[in-house]
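J.: So the protein lines, in turn, are chains S and P. So the first sequence is numbered by the UniProt record's numbering: it starts at 1 and just counts up by one. So the second sequence is numbered by the UniProt record's numbering: it starts at 1 and just counts up by one.
Rather than coming from a laboratory, the hints here were simulated on the basis of the structure. One should not assume that every hint holds.
Intra- or inter-copy, both count: the list cannot distinguish identical chains.
DMTMM-like mimics (lysine to aspartate or glutamate), calculated; alpha carbons at most 25 angstroms apart, straight line [claimed, not checked]:
{"hint": "1", "residue 1": "Lys-147", "residue 2": "Glu-94"}
{"hint": "2", "residue 1": "Lys-67", "residue 2": "Glu-34"}
{"hint": "3", "residue 1": "Lys-147", "residue 2": "Asp-184"}
{"hint": "4", "residue 1": "Lys-147", "residue 2": "Glu-68"}
{"hint": "5", "residue 1": "Lys-147", "residue 2": "Asp-92"}
{"hint": "6", "residue 1": "Lys-147", "residue 2": "Glu-178"}
{"hint": "7", "residue 1": "Lys-25", "residue 2": "Glu-68"}
{"hint": "8", "residue 1": "Lys-25", "residue 2": "Glu-38"}
{"hint": "9", "residue 1": "Lys-25", "residue 2": "Glu-83"}
{"hint": "10", "residue 1": "Lys-67", "residue 2": "Asp-23"}
The primary structure of each chain is shown beneath.
Protein chains: 2
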Amino acid sequence: MSSGIDQSGTEPKRRGRRRSGADTKAALLAAAREVFTEQGYDAATVRAIAGRAGVDPAMVNHWFGGKEGLFTAAVHIPINPAEVVPQLLVGDREQLAERLLRRFLTVWDNAEGGQFAALVRSVAANENAVGMLREFIQNVLFKRLVKTLGMDRAELRTALCGSQIVGLGMARYVIHLEPLASADHDTVVAAIAPNLQRYLTGDISGATGP
Amino acid sequence: MSSGIDQSGTEPKRRGRRRSGADTKAALLAAAREVFTEQGYDAATVRAIAGRAGVDPAMVNHWFGGKEGLFTAAVHIPINPAEVVPQLLVGDREQLAERLLRRFLTVWDNAEGGQFAALVRSVAANENAVGMLREFIQNVLFKRLVKTLGMDRAELRTALCGSQIVGLGMARYVIHLEPLASADHDTVVAAIAPNLQRYLTGDISGATGP
Chain S
1 MSSGIDQSGT EPKRRGRRRS GADTKAALLA AAREVFTEQG YDAATVRAIA
51 GRAGVDPAMV NHWFGGKEGL FTAAVHIPIN PAEVVPQLLV GDREQLAERL
101 LRRFLTVWDN AEGGQFAALV RSVAANENAV GMLREFIQNV LFKRLVKTLG
151 MDRAELRTAL CGSQIVGLGM ARYVIHLEPL ASADHDTVVA AIAPNLQRYL
201 TGDISGATGP
Chain P
1 MSSGIDQSGT EPKRRGRRRS GADTKAALLA AAREVFTEQG YDAATVRAIA
51 GRAGVDPAMV NHWFGGKEGL FTAAVHIPIN PAEVVPQLLV GDREQLAERL
101 LRRFLTVWDN AEGGQFAALV RSVAANENAV GMLREFIQNV LFKRLVKTLG
151 MDRAELRTAL CGSQIVGLGM ARYVIHLEPL ASADHDTVVA AIAPNLQRYL
201 TGDISGATGP
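Okay, chain S solo, but in the shape it has when bound (with noise of 0.2 angstroms):
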């Protein structure tokens, strides 16, 4: 096997030197980490990865169901903005913090935490991580959702709900700080929801108070 050509199952027929799958799909989430991170997620394409990667573009589609999908796996964080953020976006504005708190939660919570204690390990030791975080937070996720209210500021507001956001990763699957790492959603939005709200959608200049 382990010099051979696996030429059994539902693969598509293959010539020649092809790679396998695995080999493929290692490929193309490297060549995206590298280009997403030079690039920023906008102006990267696919076809500019696929050919980093050295493969087919239609190989994005076939293994990732796009650019977002893509993205959401070598970013490791299982939060695939072009399903979440129009979800995200129906209801009361001043419960989407609450609802981004819970959906975090969720797929964190899911793997007990791994997956995001593995993107904090992948972002101490290299660069393209950390430039796939930044471009999570500030061209994908929070950014869309900051810009479709409005608000003054968007970029520092999308900042400001990026610290919340991975503190509460740190505190709670990271660093393992107690009663938070082990609270029950319902205490954590209680907590935590006010204060991302206020990121959102308050008065962050500091003319607060009286």
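Fit chain P to the known structure of chain S by using the hints.
T.: For chain P alone, coordinates are given in the frame of chain S:
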């Protein structure tokens, strides 16, 4: 040079196989990370740490000025709680969050975020560093501050403060989320202090709004 012994310079006269100052400090830091993580900050003694390092307990005072200074050096956070906690508690308690934020911004900005980035790298790489950071938040800095406020749910408030401060550090020094990464201290304080103050002294049970 490669196998010789350097006898030049201003080092004190050595007897036998005594360690250099640098070796002693490194051994104490490594032992401190183990003992603080195993036993917690309050229970860990200078004697136990020195014993683990195989050096005289007087070396802790000599090199670090005491237990607090050793912890501060070992946790990669240049804030000595024995000095800082009393300073932060002077003044209006409704501005405690602002004083706390300015202190963190000052010490972390000083090294252009290098200290915080080193902290995150060590946390991502080993469990002792995680335990040290948890001790710093839960039992060294934040808990002491929260306790003096006499509020309910002190442990949850402590963890929430930890989430926002660590999240700010991640956003500003590791992920470099603009404009938060380059913002002056007044802008950061105006944006974040009210949220941090809510974690310290506000209603965190969800009974907000009309």
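J.: For each hint, tell me whether it holds in the structure or not.
T.: Do the hints match the structure? See the list:
With identical chains, the CA atoms of Lys-147 and Glu-94 are at most 25 angstroms apart within one copy only, with a shortest distance of 15 angstroms there and 32 angstroms across copies. Taking the shortest alpha-carbon separations for Lys-67 and Glu-34, only the intra-copy value of 14 angstroms comes in at or below 25 angstroms, while the best inter-copy value is 45 angstroms. For the homomeric pair Lys-147 and Asp-184, the shortest alpha-carbon distance between copies (24 angstroms) is at most 25 angstroms, but the shortest distance inside one copy (30 angstroms) is not. Proximity of Lys-147 to Glu-68 under the C-alpha cut-off of 25 angstroms is restricted to the intra-copy arrangement: shortest distance 19 angstroms within a copy versus 46 angstroms between copies.
Taking the shortest Cα distances, Lys-147 and Asp-92 sit within 25 angstroms of each other inside one copy (16 angstroms), while across copies they are farther apart (37 angstroms). In this assembly of identical chains, the alpha carbons of Lys-147 and Glu-178 lie at most 25 angstroms apart only when taken from different copies (16 angstroms versus 34 angstroms within one copy). When the C-alpha separation of Lys-25 and Glu-68 is checked against a cutoff of 25 angstroms, the pair qualifies only within one copy, where the shortest distance is 15 angstroms, while the shortest distance between copies is 49 angstroms. When the C-alpha separation of Lys-25 and Glu-38 is checked against a cutoff of 25 angstroms, the pair qualifies only within one copy, where the shortest distance is 20 angstroms, while the shortest distance between copies is 41 angstroms.
Taking identical chains as interchangeable, the C-alpha atoms of Lys-25 and Glu-83 lie at most 25 angstroms apart only when both belong to the same chain, with a minimum of 22 angstroms there against 53 angstroms between chains. For a Cα distance limit of 25 angstroms, the shortest separation of Lys-67 from Asp-23 inside one copy, 18 angstroms, qualifies, whereas the shortest one across copies, 52 angstroms, does not.
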